[in-house]
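Q: Residue-level listing of the chains:
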Amino acid sequence: GENVEQHPSTLSVQEGDSAVIKCTYSDSASNYFPWYKQELGKRPQLIIDIRSNVGEKKDQRIAVTLNKTAKHFSLHITETQPEDSAVYFCAARGGSYIPTFGRGTSLIVHP
Amino acid sequence: DTEVTQTPKHLVMGMTNKKSLKCEQHMGHRAMYWYKQKAKKPPELMFVYSYEKLSINESVPSRFSPECPNSSLLNLHLHALQPEDSALYLCASSRPDGGSVSELFFGEGSRLTVL
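If you're matching them up, the sequences are chains H and Y in order.
Each residue of the first sequence is one higher than the last, beginning at 1 in the working numbering.
Each residue of the second sequence is one higher than the last, beginning at 1001 in the working numbering.
Keep in mind the hints are simulated off the structure, nothing from the lab.
Please read these numbers as outputs of a predicted model, since none were measured by experiment.
Mixed in with the good hints, there may be bad ones.
Here are the simulated lysine-lysine pairs, DSS-like style, with alpha carbons at most 27 Å apart [as the list claims (entries may be wrong)]:
no., chain 1, residue 1, chain 2, residue 2
1, Y, Lys1053, H, Lys58
2, Y, Lys1022, Y, Lys1041
3, H, Lys68, H, Lys57
4, Y, Lys1018, H, Lys42
5, H, Lys71, Y, Lys1040
Between the sequences and the hints, there should be enough to build the whole structure, so can you do that?
A: See the structure below:
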């Protein structure tokens, strides 16, 4: 089955800095890579996703890149704000429609 | 309507109680999921229903019993739980075929405490 590794487990930045979270996956058949943000006490919410036929996708301050050859994908957040503080989960979905989650990154943005 | 609704939001139960968690969606999704989540950990898949049939059971103890009465509803029946079962239980739905709209929509969760 699919195995997703996510790093770092904790990321602390100053407001205005950029934050990068990296994930690797094992199944070369994986074709869909969503990122979820989960604020304390709330549900995981999809913030951006990328499919295997695309190398990069941007949505305002958030971007995701995918390197299929190396089997890794990354989340980039620019101009971080305190409200970006949350746990971020990457996921990969292959032949089945069930995504495999990474272990999560706790992002702390200091004002 | 892009919501997955879960009830109750909070539940406290003793180890001998029987209770149920409920989940509802009206997005026409034919795959529905139960996840268990501990603090700051990823959601852990428990069950998947596809077209109202149980398709995946991730070796979950029998004290958890899922039910899918129809395409919009998903229940999780709880009986004789242990304190270590205390967690956030998340329901989710999606299209099951991995097509162009394949994201998971999560409910707000039911926070369960077992005394």
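Q: Against this structure, judge whether each hint is valid.
A: These are the hints, each one checked on the structure:
1. Y:Lys1053 / H:Lys58: violated (37 Å)
2. Y:Lys1022 / Y:Lys1041: holds (23 Å)
3. H:Lys68 / H:Lys57: Cα-Cα ~14 Å, so holds.
4. Y:Lys1018 / H:Lys42: The given pair, whose Cα atoms are some 26 Å apart, holds under the 27 Å limit.
5. H:Lys71 / Y:Lys1040: holds (25 Å)
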